Amino acid sequence: MHIMEGFLPVSWCVLWFALSIPFVAYGIRKLEHLFREKPELKPLIAIVAAFIFILSAIKIPSVLGSSSHPTGTGFAAILFGPAVSAVMSVIVLLYQAIFLAHGGLTTLGANVFSMGIAGPFFAYTVYKVCIYSKVSMSSSIFMAATLGDLFTYAVTSLQLALAFPAPIGGVLTSMGTFMGIFGITQIPIAIAEGLLTVAIFRYIQHARADILAGFNMKNMKECGAT
Amino acid sequence: MIRKILFAAAVFIFVFIASSVSSTMATGTDNQAVDTISEVTDNGYKPWFEPYWTPDSTGESILFALQAALGALVIGHFLIPDKCNVK
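Those protein sequences? They're chains A and B, same order as listed. Here this note's numbering is used: the first residue of the first sequence is 1, the next is one more, and so on. Here this note's numbering is used: the first residue of the second sequence is 1, the next is one more, and so on.
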């Protein structure tokens with residue numbers, strides 16, 4: 001999902017920065033609020049951030065001779081909302097842009113929007129809908145993390161298609177081409193991310209329930225899980 | 001303590017290998033997207049900004065592995081119990 005350095009026209013770079021900055025600013029305020037009002041949640045916040053660090057560093061071969069990354073942002077989004085995952089994505093994407101030439105400083109706004117905001121927002125929504133529909137918590141987390149990962153890559157495709165519409169067929173044709181690149185490769189990776197997210201959540205729940213103690217589990221109890 | 005460090009080391013090695021294998025055996029989707037941009041624009045698009053440095057593939061694997069190991073240290077710190085604490 002990294003749009004490479006310089007590979008978005010200036011006007012699109014500006015637009016995606018403009019759309020991302022308010023979310024990141026809100027996320028920083030939300031984190032400050034959490035640190036102040038609920039310091040007992042600090043370990044959980046550190047864990048979801050570390051989860052993003054690990055998963056987004058994994059570059060792994062997938063089908064069709066392509067390689068890609070999981071995002072890890074669904075977990076943070078489910079627990080703390082998409083604004084918080086946006087802040088964490090900024091840190092990871094800055095590191096990768098500066099030291100790895102993966103993504104870029106000019107495309108940071110666009111990449112934060114896809115990985116930190118759009119995908120997590122989708123994951124958060126899927127999670128809420130699943131829980132509301134009495135789907136079990138593990139399945140809800142799996143669906144949210146998997147679909148959130150895929151949605152991130154759909155948004156990257158859209159960002160590229162908008163900036164580079166095909167000469168014949170325009171944005172939609174271009175979108176299809178970019179989805180063809182990202183989509184199939186991402187499906188196994190997204191499923192793996194879903195399974196890992198469920199695994200770490202269940203591990204915390206069973207081995208270290210104290211870390212979740214300060215967390216508002218109200219939404220989670222609705223599905224009957226304990 | 002040793003288990004936490006071992007966990008971070010294991011994550012480091014896994015990510016290093018995954019990245020190395022990806023670099024030799026597969027094409028990154030990010031780079032395929034760049035190729036597609038060239039096709040769609042008939043080579044008409046030139047990037048207007050370039051990274052000031054790009055690591056080689058081993059350097060890239062090490063930096064990805066470091067990123068993951070950092071995360072693994074934090075996760076290990078909070079989630080991996082010291083042996084004496086196991087019930």
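The reader is advised that the hints may include incorrect statements.
[Said to hold, decoys possible] Computed from the model, here is a short list of chain B residues facing chain A with C-beta under 8 Å:
id: 1; residue: M1
id: 2; residue: I5
id: 3; residue: L6
id: 4; residue: A10
id: 5; residue: I13
id: 6; residue: T29
id: 7; residue: V40
id: 8; residue: T41
id: 9; residue: N43
id: 10; residue: P47
id: 11; residue: D56
Calculated from the structure, these hints are not laboratory results. Just so it is clear, the structure is predicted and the values come from calculations on it, not from any experiment. From the three backbone atoms N, C-alpha and C, an ideal C-beta is built for every residue, glycine too.
Do the hints match the structure? See the list:
At about 17 Å, the closest approach between the beta carbon of M1 (chain B) and any beta carbon in chain A exceeds 8 Å, and the interface hint on this residue is violated. Residue-level restraint check for I5 (chain B) is violated (minimum Cβ-Cβ distance to chain A is 15 Å; threshold 8 Å). The beta carbon of L6 (chain B) comes no nearer than 15 Å to any beta carbon in chain A, farther than 8 Å, and the hint placing it at the interface is violated. Nearest Cβ of chain A to the Cβ of A10 (chain B): about 11 Å, over the 8 Å cut. The hint is violated.
The criterion of a C-beta within 8 Å of any C-beta in chain A is not met by I13 (chain B), whose closest approach is roughly 12 Å, and the hint is violated. The criterion of a C-beta within 8 Å of any C-beta in chain A is met by T29 (chain B), whose closest approach is roughly 5 Å, and the hint holds. For V40 (chain B), the suggested interface contact is upheld, since its CB lies about 5 Å from the closest CB of chain A, less than 8 Å. Taking 8 Å as the C-beta contact cut-off toward chain A, the hint placing T41 (chain B) at the interface holds, the least distance being around 6 Å.
Because the smallest distance between the Cβ of N43 (chain B) and any Cβ of chain A comes to about 12 Å, over 8 Å, the interface hint for this residue is violated. With a least beta-carbon distance of about 3 Å to chain A, the hint placing P47 (chain B) at the interface is held under the 8 Å criterion. Interface hint status for D56 (chain B): violated, as the beta-carbon distance to the closest one in chain A is roughly 11 Å, over 8 Å.
When each numbered hint is compared with the structure, violations occur for hints 1, 2, 3, 4, 5, 9 and 11.
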